[in-house]
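Peer 1: Read off the chains here:
Number of protein chains: 2
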Amino acid sequence: MRGRRKLGRGVAVVGAGMSKFGMFSDKDSKYLFAEAFNEMLSTVDKGIDPKDIDALYLGNFTNDFFVHQGHWGPIISDLLGLTPKPATRTEGACASSALAFREGVFAIASGFYDVVLVGGVEDMSKRNTEEVTQGLAMAASPYEVKVGFTFPGVFGAIATAYFAKYGASREHLMNVTIKSHNNARLNPKAQFNVSIRDIMNQRIEKAKNKGEPIPAWRDEKEFLSDTRANPVVAWPMHLYDCCPISDGASCVLLVTEELARDFSDNPLYVVGIGQGSGKGLHAKEDLTYFEATRYAAQEAYELSGLKPEDVQIAEVHDCFSIAEIIHLEDLGFFKPGEGHKAVAEGLTRLDGSKPINTSGGLKCKGHPVGATGTGQLIEIWKQLRGEAGERQVPIKDLRIGAAQSLGGTGGTCTLTILERR
Amino acid sequence: MRGRRKLGRGVAVVGAGMSKFGMFSDKDSKYLFAEAFNEMLSTVDKGIDPKDIDALYLGNFTNDFFVHQGHWGPIISDLLGLTPKPATRTEGACASSALAFREGVFAIASGFYDVVLVGGVEDMSKRNTEEVTQGLAMAASPYEVKVGFTFPGVFGAIATAYFAKYGASREHLMNVTIKSHNNARLNPKAQFNVSIRDIMNQRIEKAKNKGEPIPAWRDEKEFLSDTRANPVVAWPMHLYDCCPISDGASCVLLVTEELARDFSDNPLYVVGIGQGSGKGLHAKEDLTYFEATRYAAQEAYELSGLKPEDVQIAEVHDCFSIAEIIHLEDLGFFKPGEGHKAVAEGLTRLDGSKPINTSGGLKCKGHPVGATGTGQLIEIWKQLRGEAGERQVPIKDLRIGAAQSLGGTGGTCTLTILERR
Chain X
4 MRGRRKLGRG
14 VAVVGAGMSK
24 FGMFSDKDSK
34 YLFAEAFNEM
44 LSTVDKGIDP
54 KDIDALYLGN
64 FTNDFFVHQG
74 HWGPIISDLL
84 GLTPKPATRT
94 EGACASSALA
104 FREGVFAIAS
114 GFYDVVLVGG
124 VEDMSKRNTE
134 EVTQGLAMAA
144 SPYEVKVGFT
154 FPGVFGAIAT
164 AYFAKYGASR
174 EHLMNVTIKS
184 HNNARLNPKA
194 QFNVSIRDIM
204 NQRIEKAKNK
214 GEPIPAWRDE
224 KEFLSDTRAN
234 PVVAWPMHLY
244 DCCPISDGAS
254 CVLLVTEELA
264 RDFSDNPLYV
274 VGIGQGSGKG
284 LHAKEDLTYF
294 EATRYAAQEA
304 YELSGLKPED
314 VQIAEVHDCF
324 SIAEIIHLED
334 LGFFKPGEGH
344 KAVAEGLTRL
354 DGSKPINTSG
364 GLKCKGHPVG
374 ATGTGQLIEI
384 WKQLRGEAGE
394 RQVPIKDLRI
404 GAAQSLGGTG
414 GTCTLTILER
424 R
Chain G
4 MRGRRKLGRG
14 VAVVGAGMSK
24 FGMFSDKDSK
34 YLFAEAFNEM
44 LSTVDKGIDP
54 KDIDALYLGN
64 FTNDFFVHQG
74 HWGPIISDLL
84 GLTPKPATRT
94 EGACASSALA
104 FREGVFAIAS
114 GFYDVVLVGG
124 VEDMSKRNTE
134 EVTQGLAMAA
144 SPYEVKVGFT
154 FPGVFGAIAT
164 AYFAKYGASR
174 EHLMNVTIKS
184 HNNARLNPKA
194 QFNVSIRDIM
204 NQRIEKAKNK
214 GEPIPAWRDE
224 KEFLSDTRAN
234 PVVAWPMHLY
244 DCCPISDGAS
254 CVLLVTEELA
264 RDFSDNPLYV
274 VGIGQGSGKG
284 LHAKEDLTYF
294 EATRYAAQEA
304 YELSGLKPED
314 VQIAEVHDCF
324 SIAEIIHLED
334 LGFFKPGEGH
344 KAVAEGLTRL
354 DGSKPINTSG
364 GLKCKGHPVG
374 ATGTGQLIEI
384 WKQLRGEAGE
394 RQVPIKDLRI
404 GAAQSLGGTG
414 GTCTLTILER
424 R
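Chains as they are written, first to last, in this note's numbering: chain X, 4 to 424; chain G, 4 to 424.
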């Protein structure tokens with residue numbers, strides 16, 4: 004690239020919707036996407052006729068593997084009555100719909116389309132755990148899988164490296180988990196909308212009712228330290244460090260900037276987009292950061308003219324608790340090695356100076372892989388518009404929020420920055 | 004879309020390369036893509052430093068199913084030394100790399116990038132035929148698969164409908180096959196670079212040498228009519244109506260129009276891009292055309308200001324012989340019901356007035372699904388630059404060529420029009 008990043012036309016978000024995330028034996032991808040689409044329609048303040056949608060971009064990781072059906076672009080296009088308008092699937096593992104969003108931005112910024120629907124869907128829970136683990140492992144580098152790594156192992160190795168380099172410990176990871184659950188408790192769409200304290204108290208209550216020995220947990224950290232309550236998956240990743248298997252869909256409606264007010268009283272503007280690619284663990288000299296995230300952040304900051312400190316809230320890709328800490332550093336919110344301290348100090352809490360994953364994050368909101376990228380942006384949409392209900396952050400003049408996605412072991416990373424004007 | 008299609012910045016093709024297409028037990032996706040990339044580098048007249056590439060778009064249908072590895076964007080980015088630059092996979096079944104091309108165009112036209120590599124790869128031959136058939140069937144509509152359709156059956160049904168509506172016959176399909184093989188005979192990269200007449204004569208020679216009864220075929224049509232030589236797959240689709248299973252890769256280099264002459268003495272300009280989505284057979288009232296192709300064509304003609312008669316040569320998606328005939332009509336080259344007659348009259352031959360699939364088409368060049376879209380554009384690149392060797396079409400002032408891709412049962416269709424200036 005010769006010269007500074009720019010876009011030919013501005014792009015705005017004028018609608019956003021998601022299905023509930025969770026494990027649904029009775030809902031397929033079409034059902035889930037319809038749920039997301041219908042909610043999206045209801046959020047377009049001045050209404051949208053689906054016939055005005057010029058194109059669809061759909062993120063999906065691997066429904067062909069998970070539900071034995073591929074080529075989802077036209078299936079969803081047909082579902083929504085959009086045919087013969089174009090429908091393109093994007094895939095970047097867990098960042099798949101973040102890529103759909105970006106392509107929608109390019110399609111509008113190029114001048115070709117005015118109104119583009121972007122979203123994602125994943126239907127993972129119909130397979131057994133072994134098959135889902137196999138499917139997800141295909142997002143990792145081929146070298147990682149060959150030596151027996153699946154994702155908890157990969158992020159376990161990353162956490163171990165982080166601990167060694169910066170003197171962090173499992174307690175720092177627990178801070179992330181506790182915060183995520185506290186936020187998700189206030190998010191009715193979350194897969195686990197319950198706090199760790201509530202889970203702990205429910206267990207104590209249950210033991211009492213059954214006449215079993217009453218666990219001696221005095222607080223959340225004692226609960227999370229008890230391997231009977233929170234077993235090891237791949238040390239130091241315990242059960243509550245890992246996001247769940249989820250089904251779900253999400254979508255947002257993009258329009259060219261000059262049409263934004265035709266659709267919305269309170270549109271958000273896409274001020275930063277960035278994306279990077281990364282090597283697998285085998286080729287990394289340092290496991291404690293993702294070069295792809297740093298590159299994505301650089302692109303997005305360059306386009307927006309903003310600095311990390313200008314971003315007031317963010318959703319980051321906490322597939323594992325350690326990932327959230329590393330992203331905070333890679334995005335420049337905190338210095339390398341300082342992320343775990345910032346979380347410990349409460350800075351990333353709902354009432355902190357830099358609220359992170361107010362939705363509950365992947366850990367608690369759920370992680371239907373292909374739906375996560377645009378799912379994160381829906382939280383930013385709600386917060387910036389002041390529509391986040393009980394979990395609305397108390398920041399005055401909240402204007403700038405960001406969402407960061409990570410695919411695989413940092414193979415694909417994105418950063419999107421939205422602004423309310 | 005309100006108003007006429009336009010792009011903010013022009014985009015040019017300045018390099019194009021492909022691997023040999025075929026079945027290679029010893030070449031994986033990385034090997035194949037490297038082969039394509041290296042050839043592409045050699046075609047950039049003034050040279051390109053790979054470090055100048057801003058982003059990669061990669062079409063792949065389903066390597067996760069075929070070779071049990073997904074998330075190919077960063078794998079190929081790493082292979083080419085492009086990390087941490089962004090790498091995005093697009094999927095639209097057999098049109099996957101046509102979508103990569105289109106997203107590359109948008110990324111440049113948007114103003115965000117100047118130099119983008121787009122391509123595709125597929126590695127299909129490592130699985131057995133049953134698995135590949137299952138994998139490919141996932142590109143069809145879910146309703147088609149549920150009632151037992153795989154692709155030869157789908158296109159058999161389409162051919163039957165076409166025959167019934169327009170009075171065509173298997174002989175018309177044979178004309179397509181014979182022409183494709185005649186062209187592929189002149190294409191050293193083709194999987195089957197041999198004419199039907201050569202195959203026929205080889206079989207006769209073999210029978211003679213073995214002292215077996217000598218087949219009485221007097222010409223190609225008698226050979227193709229003999230079900231021992233050309234067995235039925237799904238009537239009226241016989242073996243020689245169907246494209247093969249292939250491994251391969253292809254890529255082209257896109258740059259913003261103003262930089263075109265910095266890279267190439269003879270760049271091609273992207274004047275038309277179009278894409279559409281379509282319903283499955285279950286929802287079609289008429290099987291003899293693809294609404295998605297017609298929509299894609301309309302978009303591409305609208306952007307280019309060109310009419311079908313302005314397109315001098317084209318590569319069309321002949322996954323099955325009948326598909327080539329239908330595309331000729333959907334693209335407006337010939338009226339509905341007239342495509343089979345045009346082929347019979349020789350108009351689509353190398354020396355005809357509208358040469359089609361001069362490469363040999365998917366039928367003979369091969370069809371490594373994800374590599375096909377940009378693979379088609381490579382033939383247009385060669386022809387428009389006068390570099391097609393023995394198969395160079397004898398059209399004076401050859402300037403405008405097009406490539407059309409079809410994914411699934413018309414679920415995704417694209418049309419790209421390139422111009423030499």
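Hints were generated in silico from the structure; no laboratory data involved.
Among the hints, a few may not be true.
Stated by the list, open to error - Every beta carbon over 10 Å from chain G, so not counted as near; a handful from chain X, in silico:
hint	residue
1	12
2	94
3	114
4	164
5	414
To be verified - Quick list of simulated restraints, FRET-style, between CB atoms:
hint	chain 1	residue 1	chain 2	residue 2	range
6	X	305	G	12	56 to 64 Å
7	X	48	G	286	31 to 39 Å
8	X	234	G	289	55 to 63 Å
9	X	174	G	286	39 to 47 Å
10	X	285	G	390	56 to 64 Å
11	G	289	X	48	54 to 62 Å
12	G	13	X	131	37 to 45 Å
13	G	13	X	52	28 to 36 Å
Said to hold, decoys possible - Now the stretches of chain G that chain X is said to cover, found in silico as 3 or more residues with beta-carbon under 8 Å:
hint	segment
14	113-123
15	358-370
From the three backbone atoms N, C-alpha and C, an ideal C-beta is built for every residue, glycine too.
Peer 1: Could you run down the list of hints and mark each one as holding or not?
Peer 2: Cross-check of the supplied hints:
{"no.": "1", "hint": "12", "in the structure": "7 Å, violated"}
{"no.": "2", "hint": "94", "in the structure": "4 Å, violated"}
{"no.": "3", "hint": "114", "in the structure": "4 Å, violated"}
{"no.": "4", "hint": "164", "in the structure": "19 Å, holds"}
{"no.": "5", "hint": "414", "in the structure": "3 Å, violated"}
{"no.": "6", "hint": "305/X x 12/G: 56 to 64 Å", "in the structure": "19 Å, violated"}
{"no.": "7", "hint": "48/X x 286/G: 31 to 39 Å", "in the structure": "33 Å, holds"}
{"no.": "8", "hint": "234/X x 289/G: 55 to 63 Å", "in the structure": "59 Å, holds"}
{"no.": "9", "hint": "174/X x 286/G: 39 to 47 Å", "in the structure": "57 Å, violated"}
{"no.": "10", "hint": "285/X x 390/G: 56 to 64 Å", "in the structure": "40 Å, violated"}
{"no.": "11", "hint": "289/G x 48/X: 54 to 62 Å", "in the structure": "40 Å, violated"}
{"no.": "12", "hint": "13/G x 131/X: 37 to 45 Å", "in the structure": "51 Å, violated"}
{"no.": "13", "hint": "13/G x 52/X: 28 to 36 Å", "in the structure": "32 Å, holds"}
{"no.": "14", "hint": "113-123", "in the structure": "holds (count 6)"}
{"no.": "15", "hint": "358-370", "in the structure": "violated (count 0)"}
The earlier numbered hints that this structure contradicts are 1, 2, 3, 5, 6, 9, 10, 11, 12, 15.
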